[in-house]
Amino acid sequence: MYRMRRWVVRHSRAFEMIYRRFEPVLVKLAPVWRRLGHDRVEAPMRIVEKAAKGALFDCQMCGQCILSATGMSCPMNCPKTLRNGPCGGVRANGHCEVKPDMMCVWVDAWEGSRRMKQDDHIHAVQLPVDHRLKGSSSWLRVVRQQDGTSSSTANRETTR
Amino acid sequence: MKFDDEPVPGYSLPILPGHVSPGRLERVLRAGKFAITSEIDPPDSADPAEVLKRAAIFDGYVDAINATDGSGANCHMSSAGVCSLLTRVGYATIMQISCRDRNRIAIQGEILGGAAMGACNLLCLTGDGVQAGDHPQAKPVFDLDSMSLLQIARNMRDAHRFESGRRIETPPRIFLGAAENPFVPPLDWRPHRLAKKVAAGAQFIQTQYCFDIERLRDFMLKVNDLGLLEGPDRVFILPGIGPLASARSARWIRENVPGVHIPDAVINRLEGAENQKEEGKRLCMDLLHAIREIPGVSGAHIMAYRQEHSVAEIIETTGVLEGRVPWYPGRDDPKALNPESPGALPLT
Ligand code: SF4
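Chains as they are written, first to last, in this note's numbering: chain A, 1 to 160; chain B, 1 to 348.
There could be a bad hint or two in this list.
Calculated pairs, DSS-like style, for lysine-lysine (alpha carbon to alpha carbon, straight line, at most 25 Å) [claimed, not checked]: (1) A/134 - A/99; (2) B/222 - A/117; (3) A/117 - A/134; (4) B/33 - B/222; (5) A/99 - A/28; (6) B/222 - A/99; (7) A/134 - B/139.
These are computed hints drawn from the structure, not numbers from a lab.
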């Protein structure tokens, strides 16, 4: 799992491309999701999302995915669940203060993000997590947001 | 430096145009003076005298006193408690809030309470992990991170709103601070991370212990390149320094305190000295001199854990205050003296 997630970060550019193709497809299918009913789609969607993202990113299903702003390194794997960057305790070798065997997820994130096309997303200040969304599908959330008038960056404050 | 509208203890100063807080620290910084802050090691006791005694050590040498919030994840008197005792007699405090122990409901309440007491400088921290402290069995909270905490605090002040959107009748008038560690990985991101903190609301920064002037200089250059050191929204940077007691303790700190980077040269210098403690102090003074010369640095934060008495000597010897005497209770009116300071008359 850990190996996989670090491999993904090393190939963040490719995953960014995949995601950028994948998202519009999901959104295009919006009428389908709507017809089936969002509540009914939620459960299977959640299962698929959890399986795919769990395997690739060690995703913790926070329900507000920001992988594109974190170099494809899931910030919920930080023991302090920091979503805006590393703490001040990173070890000299780049490992985590709390879990010395683990590379700091934000050291990985910074590297991953620099390989990505949209490498400036990491500078956007992220809002606090809405804990009510934990366990829900963030894909479906994106669909709903784009389906309406709001943009997919609604959960991201663009203060820069 | 004396302000002609100097406060009655516990009262706030009028807020000058372009300022956000009624405090002395912001005034000193915006006036372009080299500011000194230091921190109190909060007592493991409920004795108010203990707090006042620890503050009196800094009388006349520091512009504001940090009240740490369970630093190193160890349990001590709360930051709000220490601040309330200190502001009562008129000290300028920096209230620390760490995200480790409280959720957003508790934190926002604390910010209002602190501001009401006159604790108008707030340092927003993520906090050390609980594994580092005396209660490793505790549940870490981390509902917010330091960045979202800054953002929430700024909105409380400027938009008069809680995070929920609910209105605050009288907003907290606070000068917002954050911590940065320019000395640990990812080094090339650290200046950008600072920019992110400024975007989130940080107005002053206290750094982790600096023992590597080269890295600090490099960091400051990059921060300057990002345009963060000018204009009305500039950020004031106060690097952290402190005296090391010996080569042995320096090594211990390097191994055991998260995020402290001590180069070998520093340890060798201490090792080679006859009196290591003196050398530690001298090293600290050298660092202070060097830091002062770096363009864009606004002051220094002296963390002299268990060596609080040497802060006066360090500042006196280096002369960084240039004859300025920071305000303290009793400076202008001996009747207002901190009752626990050595100069106070015995109460008979
Ligand atoms: S070192 Fe990195 S992974 Fe560990 S707590 Fe800090 S930011 Fe999170």
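Here is how each hint holds up against the structure:
Between residue 134 of chain A and residue 99 of chain A, the direct Cα distance comes to roughly 23 Å. Compliance with the 25 Å bound is thereby established for this hinted pair. Using a Cα cut-off of 25 Å, the hinted pair residue 222 of chain B and residue 117 of chain A holds, with the two alpha carbons roughly 23 Å apart. For the suggested pair residue 117 of chain A and residue 134 of chain A, the alpha carbons sit about 28 Å apart, so the restraint of at most 25 Å is broken. Distance restraint check for residue 33 of chain B and residue 222 of chain B: the Cα-Cα separation of roughly 23 Å lies within the 25 Å cut-off, and the hinted pair is therefore satisfied.
Between residue 99 of chain A and residue 28 of chain A the alpha-carbon distance is near 41 Å, which puts this suggested pair outside the 25 Å criterion. Only pairs whose Cα atoms come within 25 Å are accepted, and residue 222 of chain B paired with residue 99 of chain A is rejected, the gap being roughly 30 Å. Of the supplied pair hints, the one linking residue 134 of chain A and residue 139 of chain B holds, its CA atoms being roughly 19 Å apart against a limit of 25 Å.
Hints 3, 5, 6 from the earlier list are contradicted by this structure; the remaining hints agree with it.
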